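Generate the whole structure from the sequences, applying the supplied hints.
There are 2 protein chains.
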Amino acid sequence: MMIAEIIAIGDEILIGQTLDTNSNWLASELTILGFSVQKISAISDTKNDIIKALENSESANLRIITGGLGPTSDDITKLVLSEYFNFTLEHNPQVFEDVCAVINSLNSTMNILNKEQALFPKGAKLLRNKQGTAPGMWFENQGRITISLPGVPFEMKYIFKNEAIPEIKKFFELAFNYYQSIMIAGYGESGLALKLKNWQKQLSENISIAYLPSPGIIKLRLGIKGSDLLKNKEKIRTEVNKLLDIIPEYIFSLEESLLEIEVGMLLKNKKKTLSTAESCTGGMIAHLLTSIPGSSEYYKGSTVAYSNEIKEKVLLVSKEDIEKHGAVSHEVVEKMAAGAKKIFNTDYSIATSGIAGPDGGTENKPIGTVWIAISGPKRTISKLFNFGNRRDINIQRSSMAALNLLRLEILND
Amino acid sequence: MMIAEIIAIGDEILIGQTLDTNSNWLASELTILGFSVQKISAISDTKNDIIKALENSESANLRIITGGLGPTSDDITKLVLSEYFNFTLEHNPQVFEDVCAVINSLNSTMNILNKEQALFPKGAKLLRNKQGTAPGMWFENQGRITISLPGVPFEMKYIFKNEAIPEIKKFFELAFNYYQSIMIAGYGESGLALKLKNWQKQLSENISIAYLPSPGIIKLRLGIKGSDLLKNKEKIRTEVNKLLDIIPEYIFSLEESLLEIEVGMLLKNKKKTLSTAESCTGGMIAHLLTSIPGSSEYYKGSTVAYSNEIKEKVLLVSKEDIEKHGAVSHEVVEKMAAGAKKIFNTDYSIATSGIAGPDGGTENKPIGTVWIAISGPKRTISKLFNFGNRRDINIQRSSMAALNLLRLEILND
Numbered sequence: 001m002m003i004a005e006i007i008a009i010g011d012e013i014l015i016g017q018t019l020d021t022n023s024n025w026l027a028s029e030l031t032i033l034g035f036s037v038q039k040i041s042a043i044s045d046t047k048n049d050i051i052k053a054l055e056n057s058e059s060a061n062l063r064i065i066t067g068g069l070g071p072t073s074d075d076i077t078k079l080v081l082s083e084y085f086n087f088t089l090e091h092n093p094q095v096f097e098d099v100c101a102v103i104n105s106l107n108s109t110m111n112i113l114n115k116e117q118a119l120f121p122k123g124a125k126l127l128r129n130k131q132g133t134a135p136g137m138w139f140e141n142q143g144r145i146t147i148s149l150p151g152v153p154f155e156m157k158y159i160f161k162n163e164a165i166p167e168i169k170k171f172f173e174l175a176f177n178y179y180q181s182i183m184i185a186g187y188g189e190s191g192l193a194l195k196l197k198n199w200q201k202q203l204s205e206n207i208s209i210a211y212l213p214s215p216g217i218i219k220l221r222l223g224i225k226g227s228d229l230l231k232n233k234e235k236i237r238t239e240v241n242k243l244l245d246i247i248p249e250y251i252f253s254l255e256e257s258l259l260e261i262e263v264g265m266l267l268k269n270k271k272k273t274l275s276t277a278e279s280c281t282g283g284m285i286a287h288l289l290t291s292i293p294g295s296s297e298y299y300k301g302s303t304v305a306y307s308n309e310i311k312e313k314v315l316l317v318s319k320e321d322i323e324k325h326g327a328v329s330h331e332v333v334e335k336m337a338a339g340a341k342k343i344f345n346t347d348y349s350i351a352t353s354g355i356a357g358p359d360g361g362t363e364n365k366p367i368g369t370v371w372i373a374i375s376g377p378k379r380t381i382s383k384l385f386n387f388g389n390r391r392d393i394n395i396q397r398s399s400m401a402a403l404n405l406l407r408l409e410i411l412n413d
Numbered sequence: 001m002m003i004a005e006i007i008a009i010g011d012e013i014l015i016g017q018t019l020d021t022n023s024n025w026l027a028s029e030l031t032i033l034g035f036s037v038q039k040i041s042a043i044s045d046t047k048n049d050i051i052k053a054l055e056n057s058e059s060a061n062l063r064i065i066t067g068g069l070g071p072t073s074d075d076i077t078k079l080v081l082s083e084y085f086n087f088t089l090e091h092n093p094q095v096f097e098d099v100c101a102v103i104n105s106l107n108s109t110m111n112i113l114n115k116e117q118a119l120f121p122k123g124a125k126l127l128r129n130k131q132g133t134a135p136g137m138w139f140e141n142q143g144r145i146t147i148s149l150p151g152v153p154f155e156m157k158y159i160f161k162n163e164a165i166p167e168i169k170k171f172f173e174l175a176f177n178y179y180q181s182i183m184i185a186g187y188g189e190s191g192l193a194l195k196l197k198n199w200q201k202q203l204s205e206n207i208s209i210a211y212l213p214s215p216g217i218i219k220l221r222l223g224i225k226g227s228d229l230l231k232n233k234e235k236i237r238t239e240v241n242k243l244l245d246i247i248p249e250y251i252f253s254l255e256e257s258l259l260e261i262e263v264g265m266l267l268k269n270k271k272k273t274l275s276t277a278e279s280c281t282g283g284m285i286a287h288l289l290t291s292i293p294g295s296s297e298y299y300k301g302s303t304v305a306y307s308n309e310i311k312e313k314v315l316l317v318s319k320e321d322i323e324k325h326g327a328v329s330h331e332v333v334e335k336m337a338a339g340a341k342k343i344f345n346t347d348y349s350i351a352t353s354g355i356a357g358p359d360g361g362t363e364n365k366p367i368g369t370v371w372i373a374i375s376g377p378k379r380t381i382s383k384l385f386n387f388g389n390r391r392d393i394n395i396q397r398s399s400m401a402a403l404n405l406l407r408l409e410i411l412n413d
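Quick mapping for you: the protein sequence lines, in order, are chains A and B. All residue numbers for the first sequence refer to the numbering used here, where the first residue is 1 and numbers rise by one. All residue numbers for the second sequence refer to the numbering used here, where the first residue is 1 and numbers rise by one.
If you are wondering where the hints come from, they were derived from the structure by calculation, not from laboratory data. In this text the structure is predicted, and so the values were computed from the model without any measurement. It is possible that some hints are incorrect.
It does not matter which identical chain is meant; a pair holds if it fits inside one copy or across any two.
Claimed, not checked - Derived pair list, reagent style DSSO-like, types lysine-lysine, alpha-carbon separation capped at 30 Å:
hint : residue 1 : residue 2
1    : K324      : K130
2    : K52       : K225
3    : K115      : K197
4    : K170      : K235
See below:
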C-alpha cells in the first residue's frame, strides 16, 4: 500500500482564521487514486517547523505540501524545500513565461516580487500553474516524491488535477481504486442503512461503502480496490443495479449531482416550466433552483408567502380554507400550489407550508410538521412530513423533500 | 508563550470523507485564550498512530485531542491514553449517571456499549458531557495537560466551553488576549485595507488585526495581548471609535453577527415590516431573512420574478418600462420595489435585478451588473453595482449589498 501525507503550511490555519479545505480535498483525491493517507498536518510557515514536518514524514511514499508559495516574504516553502533537497534556485524561463501570462491576463504589471516567483529549484520537475503566479514543484528523492503546491484552493486544484495526477500515475504503481457515487433523496441515514442491511451483507469483501449524509440527501459511495478496472467496474455496476431494485424511487443520480440540477434537467428535457409557493422554506427552494445557470429557461418564479394574508391575496387561497384547516394543512398547501401554477402560468408548481421552529408548534401540529404539495399537468398531490425542530435543518430537509417529490411526479407524467 | 497542539483522530478525515471543522474552531478558541497553536494534525484511530502523535507533541503545554471516544470498538482513544499515562480504567459513577441521563433524554435504552462508556481513567479529571455519552478527559503529566474530547462537534464545543476553559484558565498563567470583531458590509477586502491604511499604521504594536472575508462581508478582528484586561479593552475601544469615524456607514455590528439578524432587529425595534422582489438574487434574500427565528414578525414575503411576464403581472411593472429601459435598469428595479411594497403591504421593500451569469451579458450591461432598489416610507432609492461573473458569489454579494442598503435606509428614516 502506498502511503501519502498531506502538510498544509500557514499561520492563518493555526490561529483558526482559515479552515483548511485543501487537505480535505486532497485526502479524497489521494484515496481515490489508491493511496492510504496516513496523516494530515497544519504547521506554521517557519523554516524550523517545515523542516521538522519533513523529517517526521520521511517514510511516506508521497507528500503533498500546500501553501507558503506566494510572492510575499513570509512564504518560504520554496527556499526551505530547495535547501532540504539540496537543489539550487535559478531563473526558469518557462515559469517566467507562465507568470507573465497570468499577470497580463489580470491587466496587471510585473513587480520585483513576481520576478522572484520565476526562481525554480534546478532538478525539480515543474508543475505549471496557469491560474496563478506560484509554480508547483515535484521533488524526487530516494524513490519518494514530495509535491509542493500553492495554498490558493483553485490554483492548488488546477495544478494537482492537470499536472500532478498524470505524473503520479506514471511514477507509482497504484492498486487502482474505482469509486462510484449514488445520490439518494428521501431517506435518513439510519433508515437507509436498515433498508440496505441485507444488500450490504452480501457485498464482496473488497467493496467498501460510505454513507455521506447532508440534510435530506445521502451520497452513497461504493469503492473497489484492485488492478482489474474493467472487472471491478462490472462488479460495481452489478451492485448498483441491485440498489436500483431495492430503492428505485430514492436514487436521483448515479454520479455526483444535486437534486436541483437533476430536476432542472428533467424540466428542460421535457420542455416544462416550474413555479414555487413557499411558506416554511422561505425562499430556499427558489434559491436552490436559481443557483443553477440557465434555470430561467424552466423556472419562472416564486411567491414566498410568510403570512396568511399573502396566501389569500397573492396565492388565491380562500380565507375559509385557512380558517377551517389552518395554514399548515393539505387543503391550504394544495391551494397554494394551484395558485402559483396559475399566477406564474407554469406546468408544475411546488408549495410548502409548515412549522420550521423553534416556536409555533401545537399539540396537533408540533414543530417540524411540514406539508408539501406538487401540482402538475395531470394531478395535485400532497404529503405530510416531520423534519424536526432545528430550523435550518428543517428548511433544508423540506426543500430536498419537495424537489424529490417533484422529480417523482415529473417521471410519472 | 504557552504552546498548544491539536490532534484529530479519525479515518473519516484521512479519506477526505469529513472536513475537520473541530480543529479550526479549537485553533480560534485557543488563540483567543492566549495560546500559540503550533501544529494541527489528523491521524488514524490506530494505537500506533495515536502513540506516535503523542510522542511527537510532548513539548506542547496543552494538547487537545478530538475523536475516537464513541461507543463502537474502533474508537480506542480512551484505552490508548490511559495506557500512555499509566492510569487504570474503572467504573465512574458520575460518568454513568451522565450517560444514563443522556440516554433517557433520547428515549433510548442503555446497551452494553453505553455501559463501557462509564469506564474512566482513575486519576484523570472528568470533563462532564451533558450533550452525549462520551466523557471528556483531562490528563496532567509533568506540568503539561492533555485533554481528550469527543469528535461530534456540538458535544466537543459544549465540553470545551463549559468544562475545559475554566480548568485551562485555572491551570495556565495566560497572557490574556482580548479580541473584538467588527462586522463590515459594502467593502471589498483590498478596498477596505486601502481605506484603513493610515489607521492601521498608527496602531500600537501589540494590537493585531485580521481581515476575515466572506462574500459581501468582512469581519475585522482586533486583538490585543497582555494581562491588563481593563486597559487593553479601553485601547481597543479607542481604536474601534476611530473606525466608526472613518467608515461609519459600513460597520453593521461591533460584535459577531449577521446582516440579516441586524436588519431583523432594526425592523422589529421600529415595528416596521419588509417584503422583497427578487430577480437575480432568486430567493436568496428571502432565504436569509427567513432563516432567522421569529422573522415572520417583520418579514412578510417575496416575489421571485425570474421572467419579465411576472415582473409585469405580479409586481405591476409596466411593459413599457421593461421594453424601454430593460429589466436590469433603475426604472424597473424601483417599480419592482414599489410593487412588492404594495402587494405585501409593508413599510419597506427590497428589489434586485441583474445579470448573475454565466450568460446574458451585453456590452452596455456586462455580466455582474446588478441594480438594487430600496423603497421605504419616505423615499425610493436605487444603486448600480457590478459583482463579477461568478454566479454564486454574485448572488451572495448582491444579497448582502441589498440588506446593507436597507439597513442604511432604516437608520436614516
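Margin query: One pair to classify: K170 and K235, alpha carbons no more than 30 Å apart. Within, between, both, or neither?
Written below: within (26 Å within a copy, 59 Å between copies)
Check: What label fits K324 with K130 when the C-alpha limit is 30 Å: within, between, both, or neither?
Finding: Answer is neither: 64 Å inside a copy and 43 Å across each miss the 30 Å cutoff.
Item checked: Within, between, both or neither: K115, K197 at alpha-carbon 30 Å -> between (59 Å within a copy, 26 Å between copies)
Notebook entry, point to check: Should K52 paired with K225 be assigned to within, between, both, or neither, using CA atoms and 30 Å as the limit?
Noted result: between (33 Å within a copy, 28 Å between copies)
When held up to the earlier numbered hints, the structure conflicts with hint 1 and nothing else.
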